[in-house]
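> Top to bottom, those sequences are chains A and B. All the letters of the first sequence, read from the start, carry residue numbers -14 to 157 under our numbering. All the letters of the second sequence, read from the start, carry residue numbers 99 to 478 under our numbering.
Note that these hints are calculated values from the structure, not bench results. Just so it is clear, CB atoms sit at the ideal spot from N, CA and C, and this is done for glycine as well. Heads up, a few of these hints could be off.
[Stated by the list, open to error] Now the stretches of chain B that chain A is said to cover, found in silico as 3 or more residues with beta-carbon under 8 Å: (1) 191 to 203; (2) 272 to 284; (3) 402 to 414; (4) 417 to 427; (5) 430 to 440.
[To be verified] Counterexamples of contact, computed for chain B against chain A with all Cβ distances above 10 Å: (6) Leu161; (7) Leu218; (8) Pro241; (9) Arg314; (10) Arg455; (11) Gly456.
One letter stands for each residue in the lines below.
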Amino acid sequence: MRRLLRRIGARTGISIGLIIVIVAVLAVARFVDTGRSTPSLRPPSDGWTPEAAADEGDDGPIIDPSPTYTDNDLVVAVATAFTAAWLNRALPAEDWLDGLRPHATPSLIDRLAGVDPLNVPADVTAGEARIRERTEQHAEVVVPIRVGEALALGLVLVDGQWLVGTLDRETG
Amino acid sequence: MSTTLLTTPVAVGPIRRRVRRVVAATLAGLTTVSLCLMGIAFALLSESINDTVDFTGCGTGELVDPTGEMPPIAELIEDQVRIAAIIVRVGQDMNVPPRGWVIAVATALQESRLQNLPHLGEANDHDSIGVFQQRPSQGWGTPEQLADPAYQARKFYEKLLTIPGWESLPLTVAAQRVQVSAFPDAYAKHEPLATKVVDALTGGAGRAAGAEAALRCAAGSEISAAGWTVPVHGPVVSGFRTPQRPSHHGVDIAVPHGTPIRAASAGMVIVAICNASLYGQAYSCDVDGSPQVLGCGWYVDIMHAGRVITRYCHLQSRPLVSVGDYVAAGDLIGYSGSSGNSSGPHLHFEVHINGDRGPTGAVNPVTYMNQVGAPLGEAV
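Isolated chain A (complex conformation) (with noise of 0.2 Å):
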């Protein structure tokens, strides 16, 4: 009988054994992957522990859900402004660069030399300039030019003056 016990007993502790290696193996897997997102928790030369840090919250920007912005009527102004001299596709290129170059970045004025203003598809707008999206300083500004088609323009406010800093094309 006592035999019995101690072989029920060698068994449960395989049993027991086989568990620990399970456990020891889920520990493993979740340690590796714990260490895959976390490559070196060696801290930086000047004293910084990542101890530190796992204590922070959210160190993200503090941005205002809704804010209200008082200038809209602005930004639209400028991007119909630019729209109208980017229209004006009979002029000789110096004369429509020149249109453009007070209501633009000078990068972007960089990227329009050298176009010719014929490659322009159209002469009118199609509709209202309107604000798709907008932060303190950049704004984007949709401006239909034709059917399913219109410039999408990204402006920034640099100096107290909204400019038209990027020109891109929006079909469908």
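Chain A is already provided as a structure; the job is to place chain B on it using the hints.
Showing chain B alone in chain A's frame:
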């Protein structure tokens, strides 16, 4: 102990047999359960490995066969992928580095949606034809020559290669220098899809060093063929939306004060301000913050191709770039620090899609940067 047991002769009786059956059944059950558990464990393991394996290839170096079987691309039909295959193959034959393939495919996506367009009569834009909408009257070739997509691709590359430093220019600038369009920023939005197509055709060449004709993964401060680079090398000490920090919409990269921070890709700076307050009062970003200070300190948001936004927080001093600046991948934008809600110097880095600067637009920067060939972490 077990040795003694195993060597003990066994006298088999009815009770013992029953006990043995019970024990055997229990053992069998436990073995089954343990195998299942191990299976789950390994499934979990391999799943997380697959996440990275998908993004480890940087091109096989094999020549693309435009007449062979095309990989499926959700956004395109097979004929369009085949045109892309011709463009990539011509690039390979001309020994153009993989950044050129991405620029060419993105340009073709904008000009023709990867179709070899004939002259469309009244609706046609001047005498433009083909995949790149090249014009016979502007010296691109005869209409007969320009009927062949391989010829068109070769003419595109020939002009691209004449632009000094084209490999490190923003896609929008490089493509515009070749095409001179009235919509200069129309090409860049196709950079993500063009990269996906190039990756599918070549086994991940979008993640290769963009300026090297011999394919290898981009490393150090190199820019990938997809147009991305690592903003700063350092250990990722806090991940994206971890169980401990579910509202952490970016990753924290530990780097000492004053480490150069670089633009991860080309784009326009749309935010460059101090965002910090303490107990409801504005707080300086020119000094180290603390866990009590709210906000991300001196920070920069850059709007990239395809309305992807990257964010760089806790800079040590006023960013070196201003709103409206158009930066290239790898341009210096500021120095790391600990301004705002921060207990020590690090870069808090976020990636947003769909032009959405809020939490809903945030995606895991580790995954995103792996995909575009600029994996975060320490320099290797």
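> Against each hint, give a clear statement of whether it holds in the structure.
Hints versus structure:
1. 191 to 203: Result for this restraint: violated, n = 0.
2. 272 to 284: The restraint on the segment 272 to 284 of chain B holds, since 8 of its residues have a Cβ under 8 Å from chain A and three suffice.
3. 402 to 414: holds (count 3)
4. 417 to 427: holds (count 5)
5. 430 to 440: n = 4 at 8 Å, threshold three: holds.
6. Leu161: holds (34 Å)
7. Leu218: Label holds. Min Cβ-Cβ 13 Å, cutoff 10 Å.
8. Pro241: holds (19 Å)
9. Arg314: holds (21 Å)
10. Arg455: violated (7 Å)
11. Gly456: The claim is violated: B:Gly456 sits with its nearest Cβ about 7 Å from chain A, within 10 Å.
Consistency note: the structure conflicts with the earlier hints numbered 1, 10 and 11.
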